[in-house]
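S.K.: Here are the chains, one letter per residue:
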Amino acid sequence: MTTERGQLSSYGLTLEANPEKSIWLNGIPIGLEYQIDIYTRYMEEANEYLRNMIFNIINFNRVTIELPYYDQKLIHNSSMHIHPEVQDNSSVSERLIYGQFTRMTITVEITDAYLFDLRLNNNASIDFNIYSNDETIKGNISYSNLEQQNII
Amino acid sequence: MSVTLYDEAVINKLRSWVGDSRLKVMSSSDVSQFLATSADEAND
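Protein chains in written order, with the numbering used here: chain A, 1 to 152; chain B, 153 to 196.
Hints may contain errors.
As the list claims (entries may be wrong) - Partner residues aside, some chain B positions facing chain A, computed with beta carbon under 10 Å: (1) Val155; (2) Leu157; (3) Tyr158; (4) Asp159; (5) Ala161; (6) Val162; (7) Ser181; (8) Asp182; (9) Val183.
Said to hold, decoys possible - Taking lysine to any residue pairs in the SDA-like style, the calculated list, with each CA pair at most 20 Å apart, reads: (10) B:Lys165 to B:Ser154; (11) A:Lys138 to A:Asp127; (12) B:Lys176 to A:Thr105; (13) B:Lys176 to B:Glu160; (14) B:Lys165 to A:Asp127; (15) B:Lys165 to A:Glu33; (16) B:Lys176 to A:Gln35.
Hints listed in this document are in silico derivations from the structure and should not be mistaken for laboratory results. Think of the CB as a built atom: it goes at the ideal place given N, C-alpha and C, for glycine as much as any other residue.
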C-alpha cells in the first residue's frame with residue numbers, strides 16, 4: 001500500500017461537476033496477493049488443473065471490479081500476475097489421513113489495485129442581484145465552491 | 153471496503169474458468185467447510 005499522501009488520495013479525480021452535483025473519486029494504490037490451493041485426490045489431476053490454471057491466469061489476467069458506491073457503476077480494470085514458484089504442499093496438514101489429497105499452491109498478485117472512495121456532493125447555489133443608483137451587480141454564490149475553499 | 157470487490161472478482165474469475173466441472177472453487181470464507189462439503193457430497 002502507498003502510505004504517502006498523493007494527488008489521487010487527497011484531491012481525487014473529478015468525474016462529474018455541474019450545478020446540481022459533484023462527484024470525486026479518491027484512490028490509494030495497493031497491492032493484493034492471493035494464495036490459490038488446488039486440492040485433488042491424485043497428483044495427475046493436480047498437474048492437469050494446475051497447467052490449465054497457469055495458462056488461464058497468464059493469458060486472461062484482467063480483473064474487473066465495479067464500484068457500487070452511489071450507483072455510479074464505475075469500472076476499474078487491474079491485472080493479476082502469477083508468481084513463478086509452484087509449491088507442492090501435499091505434506092502440509094489440514095487433512096484427515098496421510099495421502100488424502102494432493103495440494104498444489106500458487107500465488108497471484110494484483111499490483112495495480114486501489115482502495116477507492118467515491119464522494120458525492122449535492123451542490124446548491126444562490127443567485128443574487130444588488131441594485132444601486134448607478135449599476136446593477138449580478139452574482140452567484142455556489143455552496144460547493146465555498147466549501148472547497150474552506151470558507152464555510 | 154473495496155478490497156472485498158477484488159476478492160469477489162478473483163473468485164468469480166476462477167469460478168468462470170471451472171464452470172460446471174467437479175472442481176469446486178472455495179473462497180477463504182468458505183474454506184472452513186472444505187472437508188465437510190467433501191464428506192457430504194460423497195454420501196459418507
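S.K.: Next step is simple, just say for each hint if it's right about the structure.
M.R.: Do the hints match the structure? See the list:
With its C-beta approaching chain A no nearer than about 7 Å, valine 155 of chain B sits inside the 10 Å limit, and its interface hint holds. For the restraint placing leucine 157 of chain B at the interface with chain A, the shortest Cβ-Cβ distance is roughly 4 Å, inside the 10 Å limit, so the hint holds. The interface hint given for tyrosine 158 of chain B holds, since its Cβ lies 6 Å from the closest Cβ of chain A, which is under the 10 Å cut-off. The beta carbon of aspartate 159 of chain B is positioned within 10 Å of a beta carbon in chain A (closest approach about 8 Å), and the interface hint is therefore held.
A cut of 10 Å between beta carbons decides the hint on alanine 161 of chain B: the least distance to chain A is about 5 Å, and the hint holds. Nearest Cβ of chain A to the Cβ of valine 162 of chain B: about 6 Å, under the 10 Å cut. The hint holds. For serine 181 of chain B, the suggested interface contact is broken, since its CB lies about 13 Å from the closest CB of chain A, more than 10 Å. For the restraint placing aspartate 182 of chain B at the interface with chain A, the shortest Cβ-Cβ distance is roughly 12 Å, beyond the 10 Å limit, so the hint is violated.
For the restraint placing valine 183 of chain B at the interface with chain A, the shortest Cβ-Cβ distance is roughly 9 Å, inside the 10 Å limit, so the hint holds. In summary, the hint linking lysine 165 of chain B to serine 154 of chain B is supported, as the alpha carbons are separated by about 17 Å, within the 20 Å threshold. For the suggested pair lysine 138 of chain A and aspartate 127 of chain A, the alpha carbons sit about 8 Å apart, so the restraint of at most 20 Å is met. Taking the CA atoms of lysine 176 of chain B and threonine 105 of chain A, the gap is about 15 Å. The hint holds against a cut of 20 Å.
With a C-alpha separation of about 15 Å, the suggested pairing of lysine 176 of chain B with glutamate 160 of chain B holds against the 20 Å cut-off. Of the supplied pair hints, the one linking lysine 165 of chain B and aspartate 127 of chain A is violated, its CA atoms being roughly 52 Å apart against a limit of 20 Å. For the suggested pair lysine 165 of chain B and glutamate 33 of chain A, the alpha carbons sit about 15 Å apart, so the restraint of at most 20 Å is met. With a C-alpha separation of about 16 Å, the suggested pair lysine 176 of chain B and glutamine 35 of chain A falls inside the 20 Å cut-off, and the hint holds.
Hint check: violations occur at hints 7, 8, 14; the rest are consistent with the structure.
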